[in-house]
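**Student:** Sequence:
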Amino acid sequence: MQDVKSCVPDVAARNLPQLYRFCFLMTGQQEQAQQIFQDTVREAAFLAANGEPPADRFWFFREARWRCLAVAAKALQPESGSQQTAEISEQAPEQIAQLDPEQLAVWVSAAPEP
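Under our numbering, the residues of the sequence shown are numbered 3 to 116, in order.
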């Protein structure tokens, strides 16, 4: 079995700490960042072992970015429960326009979170 560093170009090997940092910043979670980092380096080593090394260091970041986005898309789940809805009066825009800036600020700050 070849050493990973022998399969990964020198330019890319010097950027591995930045690649991990990039994965961590994209995911915000250590385990996911490590997995994406390892998968990206493994893919690069596989390509290099087959005579098709990544063209430049940016390949690593592009590949990691797509992997991070895929993980994030899988992690998105709709909130459970129902949201309260209310009918909006036809006069609401007119009533809001009549508020002073201070009253409007108080009204907006008291509104529930979306």
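These are calculated hints, taken from the structure and not from any lab test.
Computed from a prediction, not measured in an experiment: that's the story for all the values here.
Any given hint could turn out to be false.
Label pairs and their in silico Cβ distance ranges [said to hold, decoys possible]:
#, residue 1, residue 2, range
1, GLY53, GLN32, 32 to 40 Å
2, ILE98, LEU71, 36 to 44 Å
3, LEU106, LEU78, 32 to 40 Å
4, GLY53, LEU78, 52 to 60 Å
We put the beta carbon where it would ideally sit given N, CA and C, even for glycine.
**Student:** List in ascending order the numbers of the hints, as given earlier, that are violated by the structure.
**Tutor:** Failing hint: just 4.
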